[in-house]
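Participant: Below, each chain spelled out in residue letters.
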Amino acid sequence: MTDFLSSRLGVAPGVAELIVALIAAVILITFMLLSAIFFVWLERKVSARIQDRLGPTRVGGKFGWLQTLADGLKLLVKEDIIPTNADHMLFRLGPYIALAGAFLAFVALPFGHKVVAQNMNVAVFYMLAVMSSEVFGVILGGYGSGSKWALFGGMREAAQVVSYEVPRAISVLVPVIVAGTMNLSLIATQQVGGFWNWYVFHDPFTFCAFWTFFTCGTASCKRAPFDLAEAESELVAGFHTEYSGFRWLIFFMAEYGSMFAISGIAVILFLGGWNLGIFPWELSDKIGILGNVINVLVFIVKGWLLVFVMMWVRWTLPRLRIDQVMITCLRYLLPISCVLLLGVSVWQLMLWQVTYSVVRDGQVIHEPILGYANYVLAAACLALVVWAVWKLMKASGTTPIQMMPGAWPALNTPGSPLVPKS
Amino acid sequence: MIPVGLDSYLVLGAVLFVCGALCMAMKRNAIGVLMGVELVLNGANINFVAFARYNRTFQIEGQVFALFVIVMAAAEAAIALAIVLNFYNNHLTVDVDTAEELKG
Amino acid sequence: MDQQAVLFLIIATFTGLSAIAVLVSQNIVRAAVWLLFTLAGTAGVFFLLGADFVAATQLIIYVGGILVLVVFGVMLTAQGPFITMKVGAAEWVIASFVGLLLLGVLVTSLVGAFNFRTPSPEMTSAEKSLSSAELGQVFLGLEGVTPETNLTGLPEGARPAPRQRVSYLLPFEIVSVHLLVVLIGAAYLARAKRRRGAIS
Chain Z
1 MTDFLSSRLG
11 VAPGVAELIV
21 ALIAAVILIT
31 FMLLSAIFFV
41 WLERKVSARI
51 QDRLGPTRVG
61 GKFGWLQTLA
71 DGLKLLVKED
81 IIPTNADHML
91 FRLGPYIALA
101 GAFLAFVALP
111 FGHKVVAQNM
121 NVAVFYMLAV
131 MSSEVFGVIL
141 GGYGSGSKWA
151 LFGGMREAAQ
161 VVSYEVPRAI
171 SVLVPVIVAG
181 TMNLSLIATQ
191 QVGGFWNWYV
201 FHDPFTFCAF
211 WTFFTCGTAS
221 CKRAPFDLAE
231 AESELVAGFH
241 TEYSGFRWLI
251 FFMAEYGSMF
261 AISGIAVILF
271 LGGWNLGIFP
281 WELSDKIGIL
291 GNVINVLVFI
301 VKGWLLVFVM
311 MWVRWTLPRL
321 RIDQVMITCL
331 RYLLPISCVL
341 LLGVSVWQLM
351 LWQVTYSVVR
361 DGQVIHEPIL
371 GYANYVLAAA
381 CLALVVWAVW
391 KLMKASGTTP
401 IQMMPGAWPA
411 LNTPGSPLVP
421 KS
Chain X
423 MIPVGLDSYL
433 VLGAVLFVCG
443 ALCMAMKRNA
453 IGVLMGVELV
463 LNGANINFVA
473 FARYNRTFQI
483 EGQVFALFVI
493 VMAAAEAAIA
503 LAIVLNFYNN
513 HLTVDVDTAE
523 ELKG
Chain W
527 MDQQAVLFLI
537 IATFTGLSAI
547 AVLVSQNIVR
557 AAVWLLFTLA
567 GTAGVFFLLG
577 ADFVAATQLI
587 IYVGGILVLV
597 VFGVMLTAQG
607 PFITMKVGAA
617 EWVIASFVGL
627 LLLGVLVTSL
637 VGAFNFRTPS
647 PEMTSAEKSL
657 SSAELGQVFL
667 GLEGVTPETN
677 LTGLPEGARP
687 APRQRVSYLL
697 PFEIVSVHLL
707 VVLIGAAYLA
717 RAKRRRGAIS
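Residue numbers (my numbering), protein chains in the order written: chain Z, 1 to 422; chain X, 423 to 526; chain W, 527 to 726.
Since the hints were made in silico from the structure, they are not lab data. Treat each hint with caution, since some may be false.
A few chain Z residues that face chain W, going by a derived Cβ cut-off under 8 Å, partial list only [to be verified]:
{"no.": "1", "residue": "L90"}
{"no.": "2", "residue": "Y143"}
{"no.": "3", "residue": "G180"}
{"no.": "4", "residue": "T181"}
The beta-carbon is built from N, C-alpha and C at its ideal position, and this holds for glycine as well.
Taking the hints into account, I'd like the entire structure generated from these sequences.
Facilitator: Here it is, written out as structure tokens:
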């Protein structure tokens, strides 16, 4: 958000900056809360559809739009229970530290061209650093609850989150090396143009770095399949067992906030940020304010899409055990991310070594051969997506439940083997 | 209102340093002593970065030194905790007042 | 600037009070929480001084690494309910006397000793703060951010000697190897062993 508005209104500059900062903070936290409301509804719908049921359909129309508001109201009026053995100060402090860690990351996240609360030169590093202090909310919640299940869950969660920060940071370094800066606005403006300019297609190492970053990001958000904190069959609910009502809501706001922050980083670093990928210009320069609005919308939709993928993965894959979680981090993701870091450094160094010469405008210009790798990768990914969509459209429309013997007869699908032929 | 100058930051660094030194001297829990060490290092870091900001000659050295101090503090905290764990495994307590086998 | 003063007052009071709370607190887990606030406050001071990279490093290493390690250590070395190891009242009196004396010595020697009143480059906006690319180039000695000055502290009458541009690559490599050694050493020291009985 541009921060030189109030200076023109004759207000003292210090107070003006404070007012602008307050407005930016209010907008960011409103966006975070609205996103969280949307995500709760989305999670219930996605989980329902994957489990072959419908999800909320009653509150607020046919699709249950207002279900989250009803949930929120319920949580607000719930009784606030603090266990007797709990350390009162730490029990109360835990959720707010987690929320602070998740919210502070949004300060450096650019939503569009020059639409950022604070344009920092080390934006991506700052976001990772601030989200790493969220683990303290988990620890305090686990310890402060005064119950050993919460303590165990909290310690396991803390070990997992802290371990996955290392390959996450190394995977973030890969596109930063390609971009040459840690400034998220600059990285996104470098990916202007067609979608083949996106860094995910830039070279095979960055392509793999996207997947490792997404995996590590999912793990450090404590999402499935790494969600031991919510392992109902093992630890009741891990570190937030004893939290009810509003405090539980704060923990979940923090989790959805950090999910969107991780998706936002992935979108800017790998998926072209706010660029649509179709037009070769920067929209806000061409069309002004409308371009800014389109940029912000594109960014938000891309972020929500990645969060949807996180939810999709959650309800598809089974949960990993704690030793499997640590093995995945230490024996697979960490060496893979180190190899990717080495690979992308070598790629960037070799980029200008392997060249061919063309004569353009009477001058001999050296073009790097490896610079065309992004077209190859982009074409390959596009072909893969088109093939997958074509195969999906050819698949039959019956769900597995409808094909099981003895199941309820399919009511609305003619041609299904279970509809009685009349 | 006193304008914020270099002195304010140095005083803040001194306060942190004194708190850390007293922690190291007074705490009976070995991990409390470690917390004191961290406070001392943070006080020194504030001094470094304040000088980096207020003196043109040290504009980059101050931040580089602060970075090195942070990294070395991490290394030292890891080793200190390993030693404390060893002590706990041998004595079943982390009270530094009981660590007097080499006394006398 | 007035805004700087207000922000500094808030953050410095927060940091200072948290540091005093670490000292005073009897429960070790609460002391760890106050240490968390102190470290976060120090990161805020770094942000205020325009050192973004150092502040982010402080957060990620100190808060996200060292403090988690400390809390894990606290949990692992707990014996039953945290036996709050109390310190006698006489020790408190002596300690506060010595502490105030030390603080007095430090403050009187620091205040007014240096002539730097105003921040040198006007680094109030984020664009002016040192980016990671510049830091990297200075680390490699490729580009000196520090302005060319002469060495200070030379004896009277000596020729003014210009400062050489240094690269920080060697200390960086030494620190990397040091970290590796510490990693291996700590893992070896803290390996699981058979626990002997308590030595009273």
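Participant: Which numbered conditions among the earlier hints are violated in the structure presented, ordered from lowest to highest?
Facilitator: none
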